[in-house]
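Peer 1: This is what each chain is made of:
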Amino acid sequence: MLSIALTELIQIFRNRLVLLNSFIIPVAVCAFFVFKHETFADLRSLGYIAAVVMFTVTAFGLYATTVTTLASRRQTLFLKRLRSTPASDVSILSGLVLPVTVLGLVQVGAILAVLAAVAGKPDNALLLAAAVVSTVVMMLALGLATAGLTNSPEHAQVTTLPVSLGAIAVTNWVAITGTGELTLLKRLLPGGSATELVLNAWNGGVPVADSLLLLLPTLSWVIVSAALASRLFRWEPRR
Amino acid sequence: MTSTPVIDVDRLSISYGDFHAVKDLTFQVNKGELYALLGTNGAGKTSTLEIIEGHRTATSGTVRVFGRSPRDRQAVRHRMGIMLQESGFSPDLTVRESVQLIGKLSRRTDRVERVLGVVDLTHKSAIRVSQLSGGEKRRLDFATAVYGNPELIFLDEPTTGLDIQSRDALWDAVDKLREDGSTIVLTTHYLEEAQQRADRIGLMHMGAFHQQGTVAELTRTLPAAVRFFLPAGAPALPLQATREADGAFLIKTFGLQKDLHILLGWAHANAVELGELQAGPTRLDDVFRAIGTA
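Protein chains in written order, with our numbering: chain A, 1 to 239; chain B, 1001 to 1294.
Honestly, the hints are just simulated from the structure, not real lab data.
Errors might be hidden in some of the hints.
Derived Cβ-Cβ restraints for the label pairs, each shown as a range [said to hold, decoys possible]:
hint	chain 1	residue 1	chain 2	residue 2	range
1	B	1189	A	219	48 to 54 Å
2	A	181	B	1069	53 to 59 Å
3	A	152	B	1277	39 to 45 Å
4	B	1028	A	161	35 to 41 Å
5	A	178	B	1130	46 to 52 Å
6	B	1161	A	149	29 to 35 Å
7	B	1018	A	158	53 to 59 Å
No residue lacks a Cβ here, since even glycine has one placed at the ideal position from N, Cα and C.
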């Protein structure tokens, strides 16, 4: 798995377009939110900025790159090549998504650390970490499922839009309007409960036990996505 | 060569919906053998190979490789090297990185420099795969397949796109591997390669074996041919002949030496010159062409 991950990391840094679209642009967007944190904090709260940062990186960096990478590796028959070795399917997939996952976690962690440094620490850092990790796992699972529906890297530009834009929209909707109304719907949408968890973790004021329950919808999306991925994912291009 | 079956295929059938790609195929490949799986386009060779390699599951029948299911990757893959029909390398990795990755995953031991030397790609080791020519990619593919001298090697169209020097080098490497005891499964459209190299051939047509056996066994089912032109006014031939479109005479015979002797004796006795005389045993090409007319 680690040898696959290492070569994947090499490829990410050699492909300037991937580096720009998946890592530099999301970081630039997040930097803008951090730089203008007083404006956005006035609009809602610092938790709102944290949620937007997390979903900008995981939707456009992690999720979209996962789908594009897997579609690309399938199209070039690289997946078939890897499956010609004794490596298991799990280790192949883990190796392929490990670099982008680690980079995503580092990005989110670094940006939130900068936000905490310039604007004040979150109320519950552990809860925030749980929100970040569960969101990363959910976006990975959604990425695997979407990769099953994606024929090529070009096709990924279309197939990733519903989830990536949807997640950003849900984040803004939940963070700006709160979950006082349409509570169930907002929490069941992908990213809805994770956004609420980030808000609670950063802003405080909600019992930890109540906040932890918000992990369940996110984990449900992980299970649904993994089930879809196991049905939809293909290792070779369609003939 | 021993008769231990490295590959044991028993009544293999593969269907894609209503389409039966392979029907009831049975064959074995023994240790140390070079077995060529040949066939017409769409005959089912690739489907069969992919089942044996463990990339797909059979619709029915059983396939055993080293006595195990080929789907049991942990148990069998480290013992086999696979040269795919299409490249499957990442364009952004260098030649060296590609060999290193597949070599490491293969769980076999070897030196990257050695295998790159075998395919004459040492000087390209720092070049990205995207910058290689088609022939160089085939050689890289071969390098990864033979990394660590696996016991079983699948060569799917290994010489397509290679120049003559590269082909010779590749076959030299295959000969060396066979000396070391490797078993080879080959598919190719270059029939002369199969004719020269294969111990046994499975000739597929429309999902089933049309014929299977050694080159001699396959070719003995068809007559040899003698072809020549005759000058105007030549006397009647001593043997049954047909006339081809270009005016040449064609004699088909199962007794080439005897009939050639008769023909040459007749030509000498009648002072007739046999123009552009060609005579030879049946070739694999002839067996292949006969499939369509069978």
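Peer 1: Does the beta carbon distance between residue 1189 of chain B and residue 219 of chain A stay inside 48 to 54 Å, or does it fall outside?
Peer 2: Check passed, 53 Å falls within 48 to 54 Å.
Peer 1: Quick check: does the Cβ-Cβ distance between residue 181 of chain A and residue 1069 of chain B fall within 53 to 59 Å?
Peer 2: Because 56 Å falls inside the window, the suggested range holds.
Peer 1: Is the distance from the Cβ of residue 152 of chain A to the Cβ of residue 1277 of chain B consistent with 39 to 45 Å?
Peer 2: At 57 Å between Cβs, range violated.
Peer 1: Taking 29 to 35 Å as the stated bounds, is the beta-carbon spacing between residue 1161 of chain B and residue 149 of chain A within them?
Peer 2: holds (33 Å)
Peer 1: Return holds or violated for the Cβ distance of residue 178 of chain A and residue 1130 of chain B against the range 46 to 52 Å.
Peer 2: This hint holds: roughly 51 Å between Cβ atoms.
Peer 1: Between the beta carbons of residue 1018 of chain B and residue 158 of chain A, is the distance compatible with 53 to 59 Å?
Peer 2: Cβ of residue 1018 of chain B to Cβ of residue 158 of chain A: about 32 Å, so the range 53 to 59 Å is violated.
Peer 1: For the range 35 to 41 Å, tell me whether the beta carbons of residue 1028 of chain B and residue 161 of chain A fit it or not.
Peer 2: violated (52 Å)
In summary, the numbered hints that this structure violates are 3, 4, 7.
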